[in-house]
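Visitor: Residue numbers (this note's numbering), protein chains in the order written: chain A, -17 to 222; chain B, -17 to 222.
Some clues are possibly wrong.
Note that identical chains are pooled: a pair holds if it fits in a single copy or bridges any two copies.
[Claimed, not checked] Okay, derived cross-link-like pairs now, DSSO-like style, lysine-lysine, Cα gap no bigger than 27 Å in a straight line:
no., residue 1, residue 2
1, K215, K1
2, K43, K215
3, K1, K43
4, K43, K105
It is worth saying that the hints were derived from the structure and are not from the lab.
Protein chains: 2
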Amino acid sequence: MEYQVTIIGSGRVAHHLTKAFRQAQLVVTTVNSRTLKGLPLECDLYIIAVSDSAINEVSDKIAKVNGIVVHTSGATPIDVLNSHTRRGILYPCLSFSNDVTVEYHTIPFTIEASSPNEEFVIKNIASRISSNIFMLNSQQRAHLHIAAVITNNFCNHLIALANDYLTQHNLPLEILEPLMKQTIEKAFSISPDKAQTGPAIRGDLQTIQHHLSLIDNNNLHEIYSLITNSILKRYNIQKI
Amino acid sequence: MEYQVTIIGSGRVAHHLTKAFRQAQLVVTTVNSRTLKGLPLECDLYIIAVSDSAINEVSDKIAKVNGIVVHTSGATPIDVLNSHTRRGILYPCLSFSNDVTVEYHTIPFTIEASSPNEEFVIKNIASRISSNIFMLNSQQRAHLHIAAVITNNFCNHLIALANDYLTQHNLPLEILEPLMKQTIEKAFSISPDKAQTGPAIRGDLQTIQHHLSLIDNNNLHEIYSLITNSILKRYNIQKI
C-alpha cells in the first residue's frame, strides 16, 4: 500500500515538500489553505504547511478529515492541532527559498506524534525523503528552533552587516565565501570551541580597538563589542 | 627559472603555506623565526608567517636578506616591514587549523606590494597555489579583516553559544549542520538580504518574546535581543 499525502498551503515549505514527496513516488494532493478546494476526506497524512499564526485556523477548518494531521512549524506546539485526535509534527529544520535547490535527502526532520501509531506512519513517510530523522517533543522543538534562529538567522544577518561594511569600502563580499564555508565545516567537524580563531580569543586587544575605531556604524559597533566581549569572557580573557 | 621561497615561522599559516607551495612544486626553505637557522641570504620571496606582534621584530632581524619580504597578516599594515625596500603582503583570507584539510586552490589571497615589480613576483608565486587573488592596500585589508572577524569569528561563536544551549537541553548540534551549510550557500548565492528568514524579519514578536523567555543565560539573552533588534530595524519592523 502506498501512502497518500495531502499538503495544505502554497508557501515555500509546501512547495518543497510537495516536490520532495513526488520525487519519492508518493501520491501527493495539494490544497489551497484558504479555499480548501479538493480536500480529500480520507488520507494517510495531512500536512498543514502555512504560516505559524494560521495553523490553528486551518486545523479547525479541516476537523472532519480522516487521517493524521501534522504541521511543519519549529515554533508552534502540537496542541494547536487539538481538533484532531491523530496529530503530529513534521518540522524540516532547514530554511527554504523558492529559488534555491534543496538536497532533500539531507533535510533533518523532527517528528512528534500523538501516539506510537501516528509516529510510525509519520516516520515512514518522512523517511521516503530523508533518513535524518529526530524524535522531539514540542518543548525540545522550541529549544531547537531557538538554536536554529541563533545560527541560521543571526549568522545570515552578520553576513548582511559585513556586506554593508565591505560595500561601504568598495570591497566584494565574495572574498569571504571560502572562509565562511570553512567556518561551518570546522565548527561541525572539530567543535566550535576548537574552531574559534580571531583577535578576541587571542586576547589581541590592540586589533580589537583598531577595528572598533574603524567601524563608524553604531549598530555594527555595538554588535562587534558585545560578541567580542562574549568571546573574551568565554575564554577567560580580560574584557575591553 | 623556478621561484625560491623561504617561509619563516612554525605556526598554522606557515605549515599550510609550506605544504601548498611544495605541492605546487616550488622550492621552499623553512626557517625557525627565533633561531633563523639556515636562513638563505638570497631568495625570491621571504614569507614571515608569525603572530602579528612578532612580525616587526623578525622583519628587522632579517634586514640583510636579498629578496622580497612579505607578511601574512590581515590586521597588520605593510609599514612594519620598513627595514626592507622590496616588501609586500600575502594575506590568505582563510582560517587555518593543524587538523583540518584546506583546499589550497580556493584560498583567497590578498596582495599588496611596494612596487609593480614586487607585485608581479608575489602574484606569480601566489598564483601557483590559487587563482583567487585580490590586490588590496593596507587600509582595504584592515576593512576586509574586520568583515572576516564579523563573519568567521562571530558566526563561529554564535554556533558555540547555540551548542551550549542545545547541550543544556540534551539536543545534538548536528541537527543544525545542513541548515548552516545552506545558510552560507544562500547568503553568497542570492545575497544575505534575500536569504534572511526567521521570526525577526517576519515581525513575529510573539515567537521572539517566547524565545527570550526560554533563554536563561544572560549573555545569550543580550546577544539574541541585540541581533533581533538589528534585523527588525534593518527591515523597518517595530523594535521589541
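Visitor: Reference check for the pair K215 and K1, CA-CA at most 27 Å: within, between, both, or neither?
Guide: Answer is neither: 46 Å inside a copy and 35 Å across each miss the 27 Å cutoff.
Visitor: At most 27 Å between alpha carbons: which applies to K43 and K105, within, between, both or neither?
Guide: within (25 Å within a copy, 66 Å between copies)
Visitor: Checking an output row: K43 and K215, CA cutoff 27 Å. Within, between, both or neither?
Guide: neither (51 Å within a copy, 36 Å between copies)
Visitor: When no copy is named, should K1 and K43 be tagged within, between, both, or neither for a Cα gap of at most 27 Å?
Guide: Within. Shortest intra-copy distance 25 Å satisfies the 27 Å Cα cut-off; inter-copy 64 Å does not.
Comparing the model with each earlier hint shows violations of hints 1 and 2; every other hint is respected.
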